[in-house]
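**Student:** These protein sequence lines map, in sequence, to chains A and B.
When we follow this note's numbering, the leftmost residue of the first sequence carries the number 1, and every step to the right adds one.
When we follow this note's numbering, the leftmost residue of the second sequence carries the number 1, and every step to the right adds one.
Just so you know, these hints were derived from the structure itself, not from any lab.
Please note that a few of the clues may not be correct.
Said to hold, decoys possible - The calculated label-pair distances, taken between Cβ atoms and stated as ranges, are: (1) A:P73 with B:W59: 29 to 39 Å; (2) B:L29 with A:I180: 50 to 60 Å; (3) B:P218 with A:Q183: 53 to 63 Å.
Said to hold, decoys possible - Derived, one-sided and incomplete: chain A residues facing chain B with beta-carbon distance under 8 Å: (4) T69; (5) I72; (6) P86; (7) A87; (8) D90; (9) M103; (10) M106; (11) F295.
Cβ coordinates follow ideal geometry from the N, Cα and C atoms, glycine included.
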Amino acid sequence: MALVEARDLVKRFGDLTAVDDISFSVERGEVVGFLGPNGAGKSTAMKIISGFMEPTSGQAWIDGHNSHTDPIPARRRLGYLPEGAPAYADMTVGAFLEFIAAMHGMNKPQASSRLGELVDRIHLAGVWNQRIESLSKGFKRRVGIAQALVHDPDALILDEPTDGLDPIQKYEMRDLIRSIAPQKAIIISTHILEEVEAVCTRAIIIARGRMLADATPGELLEHGPGNGTLALALATADPQSAIDILSKHPGVGRVEIVQRVNGVTRLAIQTSKARPSTSELTSLLRQSNIAVTEFYMKRATLDDVFRQIASHGAEN
Amino acid sequence: MRPVLLVFRREFAAYFSTPVAAVFLIVFLALAAGMTFLVSGFFERGQADLSGFFFWHPWLFLVLMPAIAMRLWAEERRSGTIELLMTLPVQPWQIVVGKWLAAWAFAALALVLTMPLWITVNMLGSPDNGVILSSYVGSWLMAGAFLALAAAISGLTKSQVLAFIGATAVSFLFVMAGFDLVIAAVRPWAPGFVIDAVRSMSFFAHFQHITDGVLELPSIIFFVSLIVFCLWLNVRIVEVKKAA
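Next up, chain A with everything else stripped away, as it sits in the complex (with noise of 0.2 Å):
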């Protein structure tokens, strides 16, 4: 069985199912990122999994234990940022760190080595006698991170570790979910889309809490709309003989104007499987001394995958 499990995950509150029959498991090394819209069900499921909420059928386990049945091993085994990295405001970042560890069965030198570690990493030694409720909304993430990583857990639910952070302090957690992830399971939910690129080895994209694609970002962007379509700008104001040209390349399919401003006019070239290159275009172009000014090929960003896909679930 894999580090964490999740076998048709139900949850409904009354005639709304916020999660919609989700299974998937994240092995040792994976990092998993559940994307969707807000609403969509991510903190849901990831409630059910940290067996804080009980589904309404289904069952999770981490490594092995079920969350809901035999909750004590497995919360152990768990490291668990809940949606909006809720800490105990009075205490302050250090008292409040010393009891998570307590909690998890630490003493106080295991716990004060482990703290050690874990301040110098995610930079929280300038706020450790500050209260929490005197803390930027990034210190507060910072800290609900370094509590989900105190007992050093071989499984991690990050519900939007980088929410509220600056792009360096989002740059910085990035950096620490990849350097921790070889060694453990990760799941973190975004609605940020190149987070997923930046850190995740598969992502998972749910809406209205159904699982539409299960993939790793690559697979993800291969399928996705626009992937291929090859970008070229001239510097003519008559492009009909480059469409001309071009259209007769085996590789090449529909040919669109998409502008045509101050003596450039820019085309958008649809290709089929045999995708040509762009140099053999060019030369082919230059033979006829139409000049080149700009060739690209256009990639699918996962934006465009994301919306493809979520408004592709909602119409089913």
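For this one, chain A is given, so just place chain B on it according to the hints.
**Tutor:** Just chain B now, kept in the frame of chain A:
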């Protein structure tokens, strides 16, 4: 037991993280002294005992104990920390007991601060210190019952105000259970044993048994079992409603 102690320490410290604790203690002491001296006429009675002081405890606790316990769970729910707390590798009962103990210890502190009254009465005469001691213990036990009840109700809501109102309302029924006001509402329709059962729930009567030094044991058992029952109820409420 370590998790119980850890939760206890955190909760007890939380009382003193704001001036609320100091305000509470001052209000309690002022009310207790005011009732004893002004309403019960401590000096005018000319008796070296503290019955005029303990007489008011059920009424004071009716308002003050829900105020101590209202934040125990409501605050966790409002701030979302309940999600953190309930996913730590400890048993729910350990958290419930730790929280209740912290509130109970705070109540003990409030009672200890009334000790000058005990000293005064000893300087003025020779009271029965055994009765006073058992009254203190009985008062503390009754406080524990109020607190366990209020803590369980606090687990039902994220609003401290609602927790306070709910706990005060339910506590009021328990205090008044032996009075005609409540008995009269039950008498027309309930069989005799129900009326007796309701009457036997009276905090006021049980506390009086202890302060009078008669029938102490059944009353002690009553408060202890009510505490245990409310703590059990608290565990159930938290388990069922934690994520709601």
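**Student:** Tell me if the interface restraint on P86 (chain A) is satisfied: Cβ within less than 8 Å of some Cβ in chain B.
**Tutor:** Holds, because the Cβ-Cβ distance from P86 (chain A) to chain B comes to roughly 4 Å (cut-off 8 Å).
**Student:** Take the shortest C-beta to C-beta distance between D90 (chain A) and chain B; is it under 8 Å?
**Tutor:** 4 Å, holds
**Student:** How does the Cβ-Cβ distance of P218 (chain B) and Q183 (chain A) compare with 53 to 63 Å: does it lie in that range?
**Tutor:** 60 Å, holds
**Student:** Quick one, is the M103 (chain A) hint okay against chain B at 8 Å, beta carbons?
**Tutor:** 5 Å, holds
**Student:** At the C-beta level, are P73 (chain A) and W59 (chain B) separated by a distance inside 29 to 39 Å?
**Tutor:** 48 Å, violated
**Student:** Between L29 (chain B) and I180 (chain A), is the Cβ distance one that fits in 50 to 60 Å?
**Tutor:** Distance hint for L29 (chain B), I180 (chain A) holds at roughly 53 Å.
**Student:** Would you check whether M106 (chain A) satisfies its interface hint, that is, whether its CB is within less than 8 Å of any CB in chain B?
**Tutor:** 11 Å, violated
**Student:** Does the interface hint hold: is T69 (chain A) within less than 8 Å of chain B, judged Cβ to Cβ?
**Tutor:** Constraint on T69 (chain A) not satisfied, violated at 13 Å.
**Student:** Using the nearest Cβ pair, does F295 (chain A) come within less than 8 Å of chain B?
**Tutor:** Violated, because the Cβ-Cβ distance from F295 (chain A) to chain B comes to roughly 52 Å (cut-off 8 Å).
**Student:** Answer holds if the nearest beta-carbon of chain B is closer than 8 Å to that of I72 (chain A); otherwise answer violated.
**Tutor:** With Cβ-Cβ at 5 Å, under 8 Å, it holds.
**Student:** Going by Cβ atoms only, is A87 (chain A) closer than 8 Å to chain B?
**Tutor:** With Cβ-Cβ at 7 Å, under 8 Å, it holds.
In the structure shown, a violation is registered for the earlier hints numbered 1, 4, 10, 11, in ascending order.
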